[in-house]
Each structure stands twice: as structure tokens, then as C-alpha cells.
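S.K.: What follows is each chain in one-letter form.
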Amino acid sequence: MAAVAPERTRLATAAGAPTRRRRRRNWTLAVFAMPGLAVVLAFHYYPLVGNVIAFKDYLPFVGIWDSPWVGWDNFGVIVDGDARFWNAVSNTLVITAVQTVFVFPLPIVLALLLNSLLSERLKRIVQSITYLPHFLSWVIIVAIFQTVFGGAGSISAFLRQHGYDGLNIIGNADAFIALITAQVMWKDTGWAAILFLAALSQIDTELYEASAVDGAGRWRQMWHVTLPGLRGIIVLLFILQLGSSLTVGFEQLILQQPAVGLRASEVLDTYVYNQGVVGGNWGEATAVGLVKGLIGVVLVLGANKIAHWLGEAGVYRR
Amino acid sequence: MNSITIGRGHRKPGPRRGTGIRNGQVPPHPLMRAVKGVVLTLVCLAIILPFVGIVSTSVAPSDQVTQAGGFVFWPDSVDFSAYDTIFAGGVVTRALQVSVFVTVVGTALALTATALLAYALARPGMPGRSIALILVLLTLLFHPGMIPTYLAVKDFGLLDTVWAMIVPTMVSGFNVIVMRAFFMAIPAELTDAATIDGAGEWQIFRRIVLPLSKAILAVIGLFYAVGYWNSFFTALLYLRDSSLWPLQLILRTYVVNDTPLAQADLNVEVIPAQGSIQMAVLVISVVPIVLVYPFLQKHFAKGVLTGAVKG
Amino acid sequence: MSTARSISRRSLLLGGAGLTLGIGVLAACSTGTPGSTRPTSGGAGSTDFDLPVHRPFNGPAPDLPGTPDGVNPGFLRYPEVRNLVRTVPEPPGDGRPVTAMTPNWAPARPAMNENSFWQYLNSQLGSDLDVQLVPGADYANVFSTTVASGELPDLFTLYRAPRLPELLEAEAVDLTDHLAGDAIAAYPNLANIPTEAWRFSVYNGRIRTIPLWRGLRTSNVLFQRTDLLEAAGLPTEFSDFDEFLDVAREISDPAHNRWAFANFPMEFLRQCLGIDNRWTHDGEDFVSYWADERQADFFEAGRKLMDAGVVHPDAFTGAGHKERFMSGESVFAADGMSAWAAYYQNVASSFPDVAGTFKIDGTRVFDFADGYDGAPWRGADVLEQCGIGNGAQDRIETVLAVANYLAAPIGSVEKLASWYGKEGDHFTIENGEPARTETGNVEWLNLGLLMNAPFEVEAPGFPDAVSVQHAFQTYLNSDAKRNPADGLYVESLVANGGSLDITMTDLTNEILQGRQDAGAWRTAVDDYQLNGGEEIALELAEVYAATRS
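Protein chains in written order, with our numbering: chain Z, 1 to 318; chain G, 319 to 629; chain P, 630 to 1178.
In isolation and in its complexed conformation, chain Z is listed as follows (with noise of 0.2 Å):
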């Protein structure tokens, strides 16, 4: 089914109006872009053109177009090894390495478990209980995991009546990782799986009616049903994440830096900011995020050719 609406809508369209009105009807959609496409130009294209600090040498106060002009001195950051540039390389690819594979998949299994509760009402409330993490600020976040788990938190102070030693989990750069991992499971799986409830909840209930008539099981019916309807998100999903897999949750980390030190939770953005805003070298950080959004676009250009390769649709499709 899935498969067929689009050669529909094709259809919809070669199914030959006369031009004439075709065009009147295009002139009409561009009327309907236009308010949208008018802020994406002026508020992510207009300001992009800022980017060219990233061949000069950028004074806030002389302003962008009278800075003297650089040539690739800025790159040379990324060029020639700079220890703290990789090492924020290399927190961030593993941060992310981690997160996809422990926080993706988390939103889709609770998706699927809300989805299967018979009762309405129970689920709503589920759900309801599950999303709310998401509205906390990290500051707070942050505080209550340091409440809860610090080396004088709660658990630690419980442990400690009886004998054993604290946690050491709080500004322990060993720790940091699955630290940083679960707060954002914390925060944000209920949140995520919104999407998918959405997605689930358009599974057309035909197939399901015709695949238990066919006498498959629950299991079946979650390979062959479910996830099937789920692929589509899922593959839109993991495609941004991978877009995404230099940007790191910038907060989060910055607040944490003190306590656990720059070694385990410097990342990109983290060292873009610190070296532009704080450090003042403007230039540096901005061709360092260049670089940075560039791969992103590769990466997901790549992850979309794959995701045609294997017959999905992906992000987009001309």
C-alpha cells in the first residue's frame, strides 16, 4: 500500500490538467511557500553568509566585512593535529557512537509497549508520565542527577549508613559517558516516541485484521506489521541522527565541564564555543563549525543514497 500512494500522487499530476490551469495552480503553491521559505532564507541562509569569518581574521567589533581576510589559516587547526580540536573529535564521535546505539532504539521499543497496552487510558497516562522529563532545562537535569547520584547524594549517603563506600559517578571522567547517556534516556526517550506512536497509530488496521485471519501470531505480526510501518520513520530518523552525529547536546556537556574536566567532555561544539565566544578566536571556531556542518551534509547525502539502495524512501526524493 505504502508502496502505491506515491506513483498515485504522480499520477494525480499527469493526469493531465490543462496546463494552463497547471500553472496558475503552481504559481498558487509558490504563494503557499513563500511566508515559510522567506524566514528559512532570513533567519539560516542570510546569516550563513557570517560564515566567511572562517577565512578572516574576525573582529566582533570591526565588524565581518572590514576583518582582514585569512586564506585557510583558520583550518590549520584541524590540519595540523591540534590536540584539543581531537579530542573533541574524538569525544564527540564516541558520544555518539554510544548514544545511537543506547538511546535510539530506546523511543521505539517504548512506542511499541505503549502501542500493544490494551487500555486507552492507561496508555495516555503512561505516555503522559514518560514525556514530561522533556520540559526540564538541563541546569535542572543536571542538579537533580547530582542530587540523586552525587558522591553526598542520596545514594550515596543511603549506601554509606550501611557501610559501604559512595558513588563515584559525579565529575568522575571514567563515568562521564554513561552519565551524559542516561541522563538524555532520561530526558528525552518518552518525548521521542511520539513520533512513533504517531507512525503506529496509521498502521492500517486491515493488515492487521488480515494477517491474524492468516493466523500469524503476536510476534509475526510485530515483524511483519509494525515495524514494517515503522521502517520509514525509523530510516528518517537514524538519517538525521547521523547529520547530526557532531552535534552533541551543547548544554548538557558545558554545564558538566567543571566538575569532569575538558578531556572527557569537550566536544565540538562545546570547543567551538570555547574557543569563539570565550576564547575569542572567532575565525577558528567558525571554520572548525564549517568543516563540521559540511560533514554533516555528506554524511547524510550518504545515508540517503543507502537508504534508496535498500528501497527506502529517506529524507527526501526529487
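A few of these clues could be false.
[As the list claims (entries may be wrong)] Only part of the chain P face toward chain G is listed, based on derived beta-carbon distances under 7 Å: (1) Pro-736; (2) Ala-740; (3) Glu-743; (4) Gln-761; (5) Thr-774; (6) Ser-778; (7) Ser-979; (8) Val-1071.
For the record, the hints were derived by calculation from the structure and aren't laboratory data. Ideal placement from N, C-alpha and C gives every residue a C-beta, glycine not left out.
Following the hints, put chains G and P in place on chain Z, whose structure we already have.
M.R.: Below, chains G and P alone, put in the same frame as chain Z:
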């Protein structure tokens, strides 16, 4: 060849209650149900307990809070002084109004612009469609940076207006893409039929596409609303006039002093806000969303139930 | 009484202030060297004018006098209102708004139109003070974007931004002609700022900011809970590290959530070891304290503290130490001296049970062991500076007059008005001292980081906090080492120093917590020197030499 992601088809309202089989799904094995119950209960507890702690801390007496290290799971006695402190002087009340305005107007505008753009991109035949599509896609990868964006906001004359909080974030590429995918999955017969009946794009959009898309509109609307509700950084950078500051920014001043960042830079007398005040701040910022969500969710369900064929 | 100090031979040759002023006007036409990115001076060396003369405020005398070299005057009680002196006879404003921007660490304030305190202040100033109170933690971002927009407000708290001299040259008013030498007499409250402070305000040879003189208030202190130590029958001063460690052991009781140290006493230990304040300077070369041989002893001693279980488990998280110290969970806490009075005030409001007995002091630095010469460190005399944006060029006298108003010291009518507001509405007199009303508490604007008198020590209701702090400052003033780099503007230090220090601090933390071997330190120091430490040291020596020539 078009993309689809979310809507894989449209379902009819199926048998819902009493039959044991819902939506044609085979009921789970009792053991599985037990496991599921345990897992979901644990998940809910892991989330609820801290929230209970937040609410408890916000009403707990301050000496209990400090003795417990800033966080209590159950208050010895109930004391609303933290809320009194926050609401004193009318700053928070005013900010609440600003936030509601930004969220309501912002979400309405954002949803409109996004839906129209997504529709234009979903329908074939718009001139420059593929370029427009790529423009939208690339926004997912590039963030122009703080200073260039600030200068853009300044160039467009939005500085120090409430629109600075609304307009720059009005169109999220991600939301456009998701909505476009949804629109593309709407069976073509419906739009075809309308076209043959002589309906223009506006009528098709308004009469056919929108009613079928309530679910996605609810989801995306929620995304935007949460984004607007929780945003503070735009306000911080773009608004000098503090009477235009939204709730989050005001509330942040109660919480932020406790962040490690604060101590690093300036040697100043930072008076840490009490734990109870911080948690009260939190409760205030979360409550409106918790209140609104059930309505949206109901809408969700309704939107989903409106079957395509029925329309 | 004038304590003007001639600071360059050229200005000596030129003589009187009038002449200097004339030269200043001429020089203003050719300020700056276009294209130069490296300032050769941050100090006062290459100037050709007199620094502003010092004319101390002549009002109600403090109970505990300050000294011009750093001890803050202490007020055990707020001066009686009827004795207050008027320092600004007429409202300084011109009716047009004066814009301003400063970090605010307190909860947000009601906006001007709903804020009677603010309106009262405006009426006193004769201009609306359109001040943007930026949440403190976000000040760096907001300052950066504001600089980029080219629209710095009339008055702004300077952020330690990179390329500061050029920034100020491009966007801030050159104040030299208005303030140098005797010219400052037109602004009596600015003239109350010690001459020495103005050295921090000279960039590329011109006065670009107004310094906020903090004196010893910037120093860091290892606070101790004297009350708890005494109650436990333990000493409050220590003769060497072994005794210190014993006391820490004695007072710690992890099973009952008590650890001697709320955070790790980094600087204190280094001071006891005799390590220099950030840089060792032998009159010629600068050497970073990271490279000091005694850092090895520091790690050894630090590991002893850690192994003894006397350091709070969350000591390295960078937060929460204030609460631990106030609640009595810990007995020692390293903190800025500014926290002194705030501790008393917070304990009174948040820990009423403790408040009756709460007593703190700074821990005296001891000689670590035989053969070590321990000495405390003192902070830079100036941290904040107030710049005046170019937009105020055509009404610079007005804006300076507003700054002058805001710089009024304790003992003046203006300080009472700008700090406490209007009697009856925002404060009442209780036991002879001003106390804020509820409205006052909610509405008052803390502009203390925008413009301020030389810092005073006062804490209405807590005379102990004042006298003990004053005694500690007096102790520091006799003995403490300065950081020889204070007041020198060195670009490489601003650009790289921070991140280099973070790397070293991170490693310090890891070694102390046993995650890295102490042997890693030597390699790290080599890396530090290679990655910019040496460059900073050389540049410091250069700039230092230039200021003395």
C-alpha cells in the same frame, strides 16, 4: 517516486472495546503482559520519583531542603513561601503573559507557515520545488552561529520586539520534512477527485489535506509550542527591555546562579537560590505544558480516528 | 589632599595638568596605530598624561579604616542617616535616557515601569537609567553579540574579552581628557578611586574605562567554621601540614555526612608550600607556577588529604560547596572573600538553627613543613571596569556625571539612595541602620558591578563579619604575594591562558582524585610551555619591562 515516512496508510476505525482484539492485533501472552507491566511501572517510577521530589522540594521548609542536600522526596510540612518569593513584584506574572503570547501566536504562525510550505513541497508542480526542498533540508545541517544570526535579527529590525522571539524560529526544517512526508502519504484519489471537481490548491489544502492531518498538526504544533515555551536564549540576546522577557528567562535567573558556569568568571557575591525556590520555578515552568497536553493528546486521537475514506 | 602620581617621564617633563590636558587633546587625534593587533602595553608605561589624582571622600569615617594599598574600610554599623554627606548637588542627568548593561546575579527585577525603586533612582539621576540586567552566567554571550552589533550602551561592565585594547579603541570613548590628572576633580566620587586603580584602565596608552577598585576583596580565602572547630576543641590556626591534616581527620565523619573540606583547598596548599601567586617574577623573567618544582609536593600532600577521606566526595563538581559549608557538612571551604558577608546573610535566612552561633574566619597560611616558606596570595585590585560606549561621545560629561553618582561611597546621600532607595518605600531605619522593605528587596537594582565606590566592607546586622574580615585583610596586606601579571594586558594570556590553565586544572583534579598518575604532571608542564605557556611568559616580561621604562 516520492518519499513517505510516517503515514503508511490510513486505517478505518476498528473494533475498539470488548473484543480483546484491538485494531486486529493479537492479544499478548499473559507472561509477556506481566513483564511489560513491570517494565512500564519501573520506567514510570524512575520518572515520577524525581518529579515528586521536585514538587515536594518546592513546598518543603527550607531547613529540611538544605539538610537533605537540596532535594527532598517528601516534605515535613507544606510551605508555599518559595512561590510567594517568585511571584512577588509581579515580574513572573508579566513574564507569564509574554510567554503565553509568544507560545500561542508563535505556534499559530509557525504551524501555518510550516504546513503551507510542506504542502507546496509535497505537491508536484511548484516552480523551483527541488531547490526549495534542498534549501529546507540543508537547514538541518547548518546553524549559522550566534553572531551572524544576531546581526540578521538586527538587520530585519526585530531587535527589542517580541517578534524576535517568534520569527527566527518559525520554520524548522525538520518539521517541514516530517509534515511533507505526511501530506505525501495522503491517497491521491482524494486530491484527484477534488481537482476534477474544480477545486483549487487552497480548497484542496483546506478541505481535504488539513482535516486528514490533524494528528501531525497536533504533533508538530506541540513541538513548536514546547520550543517557544522553553526558549530563553533568543530573548536574552535580542531583548534589552526586560518587560518583554519570557518566563523561562526570568525563571532562569533563579536557577542559573547555581550552575558551575556562574562561579568561573566573576568573583561576585553569588547568593545561591534556595533549593525550594529552584524547584518552585521548575513547577511553574512545567505546569502549563502538563495542563495543555491532555487536550492536544485528545486531539491527536481524534485526528487519527478520522479515517481517510470517511472524508 | 592630592596623591597624584606622575607615571611617565614625559608627563613629568611637561609638568602641570593643564598642559597635559592640552597634549591629550592633540593626542586624541592620532590615537591608536591602525593595523597593530598586539598592544605593547597594558600598564601605564607609555602614557603621556597623569593618572587621575586621588581625592578621598571626606564623609563619615569608617569604624575600621582602610588603607590605600588594599584593605577595605569597614563599617560595623551603617553611618547615621543624618550624618550622610551630599556628594552630587544636582541630578546629573540631562533628561535623556542613559543606557547601560551589567551582569545581574540576583533574580530578575520588575521592569522600569513597574518598579518604584528604579523610578526613584531615575528621578535622582535626572535621566532614565535604561539598564539591561543580563543574567550573570550569560554575560559573555550577550557582551560578544553587543560588541558585534557595534552598539555598546552608554555605560557597560567590561567583560574580559579578547583583543580588548582594540575593542575599546573602536567602541568606547577615550576618557583621558576628561579624567586625567586634576580633571577628575569635576567628578568627586570618581576621584575617590585610588590612583593606582587607574593603571588597570589604560589601554594602548589611553584611559578607556573607569576601574572598580576592590582592593583585597578579590582575594581567595580558605574559609573555616571557627564555631565548629572551637566546639570540637580543635585549633583554628595550624603550625604545619601534619597538624592541619590531623585536625581535618578529627572533624571528618563520613558516616554522618561530614567532611572537613567542602571543596579542595588547592590554592591554600600551594600557598603553604610557598609557591608563588600564578607567576614567579625575578624582575626580568616570568615563570608560571605550573612549572614550580613544589607542585610535586602539592600533589603528595593533596593525595594525603584525599586518602584520609577528609575531602567531600563532591568537592570537584564545582558547585554546592557554599551550602555544605553553611550547613556544617564541611568545615573548610575555599571561596572568594566577597562571600564573607553573604555567608552570614544567607545563614540567617536559610539556616536559622545555625545562625546564632555561626562564626567564620579566613584560615591563616602556615609553613607547610620545615624548609617551606608559606605566604598567602592576594587577588588583583581591580576586576570589573566600566566602559562608556561611543554613542555617548556627544554627552560624555553627562554620562560621566551619572557614573560619578553611582560611584558614591557609603556615607553619602547618593549611596543610600542608589543602594537602598527611598526611606519608607524601600527601606526603613531599624536600630539605626537601613533595612530593606519587602518592596525594596524585590525591586532594588544591584548596580555594584556596573559602577561602584572603592569597595567597603559592611554587613548591617553582622558586625563580626566586618571586623573579622577586616582583621584578615590586614593580615593579608602585610604578607600576601601579588600576582606580578596583575594589571598587565597581554594578548596571548587572554587568548590562550584560560584554556591552558583549564587543561592544567583538569589534570590537577584527575591526579588528586587518583585517576592519573602524578608522573603525568611533568609531561603536561612541558606541553603547557610548548603550547603557549612560554610565549605568554615572554610577552609578560616584555610588557612588564615596557611599563617600567
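S.K.: If you test the structure against every hint from before, which numbers come out violated?
M.R.: When the structure is compared with the hints, none of them turns out to be violated.
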